[in-house]
Amino acid sequence: MSPTPRTDADRTESAPPTPRLALHGITKVFPGTIANQDVSLSLLPGEIHALLGENGAGKSTLVKIVYGLLQADAGEIRWEGAPTVIASPAEARRLGIGMVFQHFSLFDSLTVAENVALGTGDRTPMRQLEERIREVSTRYGLPLDPRRPVHALSVGERQRVEIVRCLLQDPRLLIMDEPTSVLTPQEAEQLFETLRRLREEGRTILYISHKLEEIRVLCDRATILRAGKVVDAVNPREKTARQLAQAMIGSDFATPARAAAAAVEAPRGDGLLEVERLNLASGTPFGTTLVDVSLSLHPGEILGIAGVAGNGQFELLSALSGETLVQDARSVRIAGAPAGHLDPRRRRELGLGFVPEERLGRGAVPDMSLAENALLSRGGGADDMVSRGLISFRKAHGLAERIISAYNVVAGNGARATAKSLSGGNLQKFIIGREIMRKPRILIAAHPTWGVDAGAAAAIHQALLDLRDQGTAVLIVSQDLDELFVLSDRIAVMSHGRLSESRPAHEATVEQIGLLMGGVFETSDAWEADAHAH
Amino acid sequence: MDQFVNFMVIMLGAATPLIFAAVGELVTEKSGVLNLGVEGMMLMGAVAAFATTLTTGSPVLGLIAAMAAGVMMSMIFGLLTLTLLANQVATGLALTIFGIGLSSFVGQDFVGKPVQAVAAVDLGPLTAIPVIGPIVFGQNPLVYLALAVVAGVAWFLYRTRAGLILRAVGESHHAAHAIGYPVIAIRYGAVAFGGAMAGLGGAYLSLAYTPMWVENMTAGRGWIALALVVFATWRPWRVVAGAWLFGGVTILQLHAQGAGIAVPSQLMNMLPYLATIVVLVVISRDATRIRMNAPASIGKVFHPER
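As given, the protein sequences belong to chains S and W, one line each in that order.
Using full-length UniProt numbering, the final residue of the first sequence is 534, and nothing's skipped along the way.
Using full-length UniProt numbering, the final residue of the second sequence is 306, and nothing's skipped along the way.
Calculated from the structure, these hints are not laboratory results.
For each residue, glycine too, the CB sits at the ideal point set by N, CA and C.
Don't take every hint at face value.
[Unchecked claim] Sample of chain W residues facing chain S (criterion: CB under 10 Å; computed from the structure):
1. ASN6
2. PHE7
3. ARG167
4. GLU171
5. ALA175
6. THR210
7. ASN293
[Claimed, not checked] Non-contacting residues of chain S with respect to chain W, defined by C-beta distances greater than 10 Å in every case (computed):
8. HIS24
9. SER42
10. ARG93
11. ALA117
12. GLY119
13. LEU153
14. LYS229
15. ALA247
16. ARG416
Next comes chain S alone, as it looks inside the complex (with noise of 0.2 Å):
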């Protein structure tokens, strides 16, 4: 296949342009919860338009619909004029609709062309649709190795597997959901600039997402979407960013507060978790080995490890929290302990608090209620919820309550609701206020809002300052750099299992954080050579 470049006539003045995909009315229902209710939008040739909202505002139910995944229960879809049923993703793509997921639908074991060959439903010979793969990701400026497998390939890279994958069937409407959640910031540049070409061929992009400066930069208009409802449909462009938070959350909400500007010095000394040349090779085949991690982190500061995720972070949060022993028991060291051999339970007890990146399953059990988790929370003494191996229920749902109201938890049945009925936000509330309860001195938190809707990202951002002005030292890994910038003091960037250099995070720029993610440090001072190069 070959795109034709479109000579695009329904961009001119003259007609009201068709638009290629028009829904009216769309209504789809599940137990419990009405995802969509009477949603329309269309999208025009030509144009990039933003679907935008929380979490479970109902974009990704919607998407489904047009793709072919879901049907709606009422309402009615035009493809290009005509009314249509689409009754699988097969038929989207016979129509022209391709889309690119959040959660990569990719195969680890298979090669990028195996990949390809699945997806396009496509009966070339694997040595031609080779020869395919290498044209269109030249045209689009998406440079790919057919042959290599999936699970080689960086994050970066396996979305622009799904990319080529989608544009080889030659789109008329391509669905990227929140394409940019993986990618540093150059990396979403260049996307961006795929996209406009497509854009220029008379392609419609509908491109979901909830950062809103980017939604800004590249979208022609947005439709917002709060509780299953579009709630307004604006040009973006006209509009600040916090004018489109407050729309699709629907209230103002409060910023976090940071404590004014003190300069912060770079602290000297031992801090309260070092870890020096933490050598560790990864236990599993898709996993990133870790090379001379070194890191300080001292009372009353927030350090922040930027980089794209499956760089080396798993592994490195898993040795400091302990699921990983380490060979050298002094290369993780707490309060100048060696505890590099040291079991979680043994590293909580020396003051460590840890909120991993999986809530459900790592961060909290499930199928057990609040109350059993934050007594699975406490070993030992302190809390004294267990007495000769007998538990006082009484105690652990007294702790619940406490952090249900202290965190503004939204739970159901209060202590007795399972983990698993709380949504994201929520839980993630429950375990950063279980954790802040036991008034940890270091406290390690791995993506600590991903996920999370907007008012409880708030609402931790400020817990974690809280906690940081109380003198606690805090760890956080994140993709989110906007995140970064919010909590840090210091920001230092992971890439390929090593660990650059911190610096204070209001010296830091988003582009040499950028670099940094892309893994362009030889030398400890990389920070510099960028700054010369700017």
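With chain S held as given, fit chain W onto it using these hints.
Using the frame of chain S, we list chain W on its own:
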């Protein structure tokens, strides 16, 4: 030299039912389904083959009946686990127990009756070549069929588009569903193939290896076949190697018993099972290789709405 020929012929024969059952299960597992009912499906195949051959006089009809019986059993499993979303491990175990009971019930009138065995091929001058002749050209047709099936499966899985889709479904059913492949239908197909092959493995036992019907005559071979798939890290030709190893040790321990070594026969009978598992565990220790070949979605219930 005669002893060597004898050894090879019996070894290849003993390995054949395992190859059938294991390569069928391999396809099932590659699609992401773990069917622990192999033993039960083999027994049903064995009794169906025996009964049909005895009543019709046609071993070909017997083999067809064996495959049909295996498929029928596997479809019970498919209905429960793929359509009704029951737990695969529990259902598979139940299928084995069901198969043991049902085959005994169906076969009670056939116990001890003689049947015309499927004869070894005789290619005249080729078979007459010393040593090589009887080993390569003088086997039971089912021995060749088993190897042909392995070759076919290897080709299908790694050279054809349908095989690619099947591996993809086993790797990530949600991803496969998202790009529009009928996960459930593909798995039904893979489960049915597994059933048919297990049936053939059973038929080989009751029509060729020991041409008669005895209750529970598979004697745990279904379980060994399951283990072979895992220890062969889901690669078809390694399954063959594992099966030959099992066959080889079986013969050796029979000879040892014959030679009057003073070890209780029960212990000697354990030897093939033990040796196969130990050797395969040792050669497949490489965790990376296992994870590269193991179907990532194996045993997980697929629910398309989520």
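Hints versus structure:
no.: 1; hint: ASN6; verdict: violated (43 Å)
no.: 2; hint: PHE7; verdict: violated (39 Å)
no.: 3; hint: ARG167; verdict: holds (7 Å)
no.: 4; hint: GLU171; verdict: holds (4 Å)
no.: 5; hint: ALA175; verdict: holds (4 Å)
no.: 6; hint: THR210; verdict: violated (41 Å)
no.: 7; hint: ASN293; verdict: holds (8 Å)
no.: 8; hint: HIS24; verdict: holds (25 Å)
no.: 9; hint: SER42; verdict: holds (25 Å)
no.: 10; hint: ARG93; verdict: violated (7 Å)
no.: 11; hint: ALA117; verdict: violated (7 Å)
no.: 12; hint: GLY119; verdict: violated (5 Å)
no.: 13; hint: LEU153; verdict: holds (15 Å)
no.: 14; hint: LYS229; verdict: holds (23 Å)
no.: 15; hint: ALA247; verdict: holds (30 Å)
no.: 16; hint: ARG416; verdict: holds (25 Å)
Taken one by one, the earlier hints fail for this structure at numbers 1, 2, 6, 10, 11 and 12, listed in ascending order.
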